[in-house]
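Build the full structure now, drawing on both the sequences and the hints.
Here is how the chains run, residue by residue.
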Amino acid sequence: MPKDHGIGASSKRREDVRFLTGKGVYTDDMAMQGQVHAVMVRSTVAHGKIVSIDTSGALEMPGVLAVFTGEDFVEVGGNPAGWLIHSRNGEPMREPKRPVLAHGKVRHVGDAYAAVIAETYAQAKDAAEAVAAAAQIAELPAIIDMKTAVADSSNRVHDEIPDNVCFDWGWVEDNRAAVDAAMKAAPHVTTLELVNNRLVPNAIEPRASIGEYFPGTGNYKLTTTSQNPHMTQLLISAFVLGIPEHKLTVVAPDVGGGFGSKIYHYGEEALVLAASKKLGRPVAWTAERSESFLSDAHGRDHVTKIEVGATLDGEILAFRTETLANVGAYLSNFATVTPTFLHGTVMAGPYKVPHVYVNLKTVFTNTAPVDAYRGAGRPEATYSLERVVDKMARELKLDPIEVRRKNLLTPDQFPYTTPVAVIYDTGNYQATLEKSLELADYDGFGARAADSAKRGKLRGIGLSTWVEACGLAPSHLVGVLGARVGLYDAATVRVNATGSLSVMVGAHSHGQGHETVFAQIVADKLGIPEENIDIVHGDTSKVPFGMGTYGSRSLAVCGSAVTKAVDKIIAKGKKIAAHMLEAAEGDIVFENGSFSVAGTDKSKSFGEIAFSAYVPHNYPLETLEPGLEETAFYDPGNFTYPAGAYLCEVEVDPETGKVEVVNFTCADDFGNVMNPMIVEGQVHGGVAQGIGQAIIEQTSYDADGQLLSGSYMEYAMPRADDMPMFTVDHSCVTPCTHNPLGAKGCGEAGAIGSPPAVVNAVIDALQRGGYTHVTHVDMPLTPSRVWQAMQG
Amino acid sequence: MYNFEFTKPTTIADAVAALKADEAQALGGGQTLLPTMKQRLAAPSSLVSLTAIPEMQGVCMSDANEVCVGGATPHASVAIHAATMFPALAALANRIGDPAVRNRGTVGGSLANNDPSACYPAAALGTGATIKTNTREIAADDYFQGMFTTALEDGEIITEVRFPVPEKANYQKFVQPASRFALVGVFVAKYADGARVAVTGASSDGVFRWAEAEAALSADFSAGALAGLAVPGGDMISDLHGSGEYRAHLVKVMTGRAVTAAA
Ligand SMILES: Cc1cc2nc3c(=O)[nH]c(=O)nc-3n(C[C@H](O)[C@H](O)[C@H](O)COP(=O)(O)OP(=O)(O)OC[C@H]3O[C@@H](n4cnc5c(N)ncnc54)[C@H](O)[C@@H]3O)c2cc1C
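Listed in order, the protein sequences are those of chains A and B. Just so we're aligned, residue 53 is where the first sequence starts under our numbering, counting upward by one. Just so we're aligned, residue 7 is where the second sequence starts under our numbering, counting upward by one.
No lab work stands behind these hints: they were computed from the structure. Some hints here could point you the wrong way.
[Said to hold, decoys possible] Partner residues are not named here, just some residues of chain A that face chain B (Cβ under 8 Å, in silico):
1) T708
2) I748
3) Q750
4) S752
5) Y764
6) M765
7) E766
8) A768
9) T834
10) S836
11) W839
12) Q840
[Claimed, not checked] 20 Å max Cα-Cα, derived DMTMM-like pairs, lysine to aspartate or glutamate:
13) B/K44 x A/E766
14) B/K44 x A/E343
15) A/K404 x A/D226
16) B/K44 x A/D178
[Stated by the list, open to error] Some chain B residues well away from chain A (every beta-carbon gap over 12 Å; in silico):
17) D28
18) S51
19) M67
20) T141
21) D148
22) M153
23) F154
24) A157
25) D199
Keep in mind that this is a model prediction, so the values were computed, not measured. Don't be surprised by glycine CBs; every beta carbon is placed ideally from N, CA and C.
Right, dumping it as structure tokens:
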């Protein structure tokens with residue numbers, strides 16, 4: 053019988069009631085008393101020198117209160133990158149200043165160089181047009197293509213960076229010579245050049261921020277669409293505006309999705325705070341959808357050459373990659389860690405491969421900043437690996453599944469130290485592979501392919517076996533790797549006098565379902581109903597601390613902090629119970645919501661203990677403080693390593709090149725699962741995004757740096773009817789060994805494992821259909837690209 | 007969006023009068039015009055809604071075996087009410103946009119706008135429809151004059167469109183993955199006196215008739231009759247979603263499928 057409450061139950065998502073009935077409260081829903089409106093003035097050219105910005109006309113327009121330009125922020129700091137990466141030669145990365153508003157130059161279409169504040173939105177919009185018309189920007193040649201950017205030092209995104217390279221990184225640099233030698237000695241080498249296509253994150257709620265300054269106290273409040281309110285507070289305080297941390301509250305209320313793009317601090321957040329201080333009125337800004345396209349941090353955008361060295365029977369001997377990773381015009385907060393430590397560290401995949409070397413250059417271009425997007429670095433690594441392994445199997449005329457079976461790590465090899473310097477704690481990759489084959493009815497493929505052929509379609513099947521590193525992250529390790537912060541998380545469990553609970557958690561929820569799952573965990577551990585527990589998040593004045601929601605870390609890291617805090621509550625409860633029951637503390641057992649003396653029928657309910665903590669008439673006041681509230685910080689001992697096997701079946705229409713995904717099967721190992729329904733939902737969403745990346749999502753800049761796919765007329769989002777029914781399984785469990793929940797995390801898996809399965813399936817369909825010259829097609833596999841490839 | 011005046015007359019005469027005002031513009035379902043105004047790419051000083059004029063609403067059959075659609079009739083009504091009269095037309099209407107678009111967008115707005123990727127122009131040209139306005143009747147062959155360009159004069163209103171019902175017809179739409187407008191759409195219709203083939207989405211001149219296919223199909227209305235024909239790729243649209251060569255190829259594939267599917 054499946055459980056109906058607590059850990060392991062498919063409790064319905066409590067937040068959905070308000071989301072689905074229009075009762076959610078998002079930033080733009082909040083009209084503050086006396087609020088005025090900001091509109092950003094954005095560059096229409098990709099690269100240009102700001103000659104002058106004449107704001108005098110705009111300032112005289114109706115309702116206009118102020119116009120800000122980059123000049124207003126030269127005295128304050130910039131928005132930093134969160135990780136300091138060193139190049140292979142030991143030099144620190146080049147880190148240009150990222151100002152609140154562009155100063156001196158504009159560096160991408162959509163780069164904000166001025167902001168207008170007016171009484172109404174329409175007035176601000178009119179004045180913003182006037183500012184744009186009066187601004188003189190001398191256009192410079194745009195730097196768009198990464199290979200050209202690196203080769204041509206005459207044209208620079210940042211004048212102080214000659215070759216537009218932020219850093220040239222090797223991982224692990226000491227492996228380089230051995231990998232080169234192994235590759236040279238390998239009986240067979242398969243090479244693949246591929247593009248991991250740039251994606252626009254497209255959260256359903258555009259970014260929005262309201263800045264408030266309270267002259268009476270000198271306090272500031274920022275209400276904003278953030279996955280990461282504490283980090284935003286820290287960045288604004290310590291780096292950008294210098295507002296003391298205790299004078300700034302950051303609130304992220306209901307947030308309509310992020311997928312990474314709302315992890316980061318953006319200039320608009322600093323702008324509304326500074327404007328509010330100057331005007332003494334709340335200042336609100338909400339992005340229009342076209343601004344989201346132009347100014348949200350994009351994802352992916354790698355150009356990679358990967359090689360695999362192998363024996364003739366398909367044993368993998370070495371992987372070597374060379375990548376150019378686009379960071380866009382400025383370094384966004386995670387832009388330097390995403391292509392490095394979230395990418396290079398999983399480049400051994402699930403394989404027992406002795407030699408791996410990753411070389412990567414990050415490149416500045418006149419495009420929107422690129423940063424972590426669902427999966428962040430790990431999809432790029434997985435795509436490269438799973439595509440090249442598939443290609444190698446084909447070249448050697450081996451069954452791609454047999455090649456996986458031959459090379460996957462076996463359960464007895466864990467814990468396993470990879471050649472790219474991480475330690476996989478547990479896993480059973482054979483189990484998920486075999487499970488996926490069984491669930492997908494792999495043996496029945498031939499019959500299905502014959503049926504497709506009858507309908508004039510080419511059918512193919514593609515596999516991806518993947519492992520990722522998430523649960524970010526052990527602070528001691530990331531500190532060595534260049535992180536400028538720690539990556540623990542925190543929770544406070546407050547037991548109210550009447551026995552209900554408020555649990556303040558560091559991990560913000562913007563669609564993940566934390567409010568449900570964290571309550572399940574607490575309810576399970578305390579033996580009380582989930583309804584008695586409220587999860588509070590997204591407010592730096594209420595929550596002790598938090599490092600944000602990303603990297604599939606909320607459950608593994610913040611959930612562990614919740615667990616620790618609950619354990620402290622139980623420990624204190626035992627002390628109180630011992631006093632009330634006149635027994636030794638060591639004799640008190642806590643079970644099913646009550647504290648009892650072992651071997652007797654003497655007991656106190658959880659509610660009675662809570663009441664006594666707040667009404668301490670009969671209480672050990674000499675040894676114990678009243679109250680029942682505990683805080684815990686949890687810093688993980690290692691990353692977690694979810695893994696799985698995905699099988700995708702496609703039909704290709706040979707006349708049009710159109711790809712239809714007809715079956716998709718996931719067998720995942722997420723460690724222990726808290727709420728199976730939410731896990732399935734996360735996998736569905738991730739796979740949908742992965743299929744979107746693989747077949748339709750296309751971000752295209754022209755040579756002048758204009759975003760050609762800057763609206764939904766041109767940028768294809770995956771829709772329900774682009775998806776097959778998914779078969780999702782998470783019954784293969786190897787619990788994580790180093791967190792109290794045994795949980796590994798599931799948020800990004802779908803987006804990581806799926807793109808190569810889709811592309812492998814399309815190549816398989818084309819090969820089986822006789823188009824043997826097609827060994828690779830770059831994503832997205834749109835009808836025209838597939839058709840073009842088929843033409844030869 | 008800039009500010010504008012708004013009127014909603016109930017007769018064609020009042021609408022025509024209202025459209026004489028400086029910078030006035032007709033508003034059908036607003037599915038094209040309003041997004042353009044929101045992006046501040048259009049700034050009419052007044053909008054004259056055509057959706058409250060009873061004469062411009064509805065679908066009926068004429069004595070001359072034509073389906074007559076009021077100029078302000080939304081796509082959703084055509085999808086329902088033309089379903090038995092002219093299934094291919096109803097099916098075309100039923101695949102435009104999403105339910106919200108179909109319940110607002112109108113046939114008159116679609117033909118007036120003449121987007122090179124829109125569906126209705128293919129039906130109008132593919133059936134040799136008559137576009138009736140407040141002043142005259144225009145044959146489809148004279149009406150379409152290149153992308154976003156039509157025979158309409160300033161202030162002229164499409165009040166009705168009359169589609170001659172063919173013996174057999176079918177519309178094949180190969181969607182552009184983002185907008186789901188037609189990357190290539192082909193309307194094929196068979197009449198007693200011959201076949202018509204109208205192609206949308208493909209050409210940079212907008213909707214056009216594929217004369218060679220019409221000749222071949224008039225002689226032999228089967229997909230096989232198209233073998234050996236090729237669509238010239240020269241003036242085809244090339245963009246993110248496909249090259250001119252690809253579009254030219256699709257025109258032939260979609261024409262063949264339309265012929266096979268025609269009922
Ligand atoms: C999301 C989306 C998807 C869509 N998908 C498709 C698709 O797949 N296929 C397709 O064909 N279309 C598609 N459309 C367009 C849709 O069909 C529109 O309804 C149509 O193009 C315009 O009709 P409208 O009534 O909304 O016109 P409006 O937007 O109101 O007006 C458009 C233009 O026509 C003028 N006009 C309006 N009515 C008349 C009239 N009776 N006489 C003279 N001039 C008039 C207006 O002044 C304006 O210049 C889509 C639109 C959207 C928003």
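Okay, the hints, checked on the actual structure:
| no. | hint | in the structure |
| --- | --- | --- |
| 1 | T708 | holds (6 Å) |
| 2 | I748 | holds (5 Å) |
| 3 | Q750 | holds (6 Å) |
| 4 | S752 | holds (5 Å) |
| 5 | Y764 | holds (6 Å) |
| 6 | M765 | holds (4 Å) |
| 7 | E766 | holds (5 Å) |
| 8 | A768 | holds (4 Å) |
| 9 | T834 | holds (6 Å) |
| 10 | S836 | holds (4 Å) |
| 11 | W839 | holds (6 Å) |
| 12 | Q840 | holds (7 Å) |
| 13 | B/K44 x A/E766 | holds (18 Å) |
| 14 | B/K44 x A/E343 | holds (13 Å) |
| 15 | A/K404 x A/D226 | holds (19 Å) |
| 16 | B/K44 x A/D178 | holds (13 Å) |
| 17 | D28 | holds (21 Å) |
| 18 | S51 | holds (16 Å) |
| 19 | M67 | holds (33 Å) |
| 20 | T141 | holds (33 Å) |
| 21 | D148 | holds (29 Å) |
| 22 | M153 | holds (15 Å) |
| 23 | F154 | holds (15 Å) |
| 24 | A157 | holds (26 Å) |
| 25 | D199 | holds (31 Å) |
Taken one by one, the earlier hints all hold for this structure without exception.
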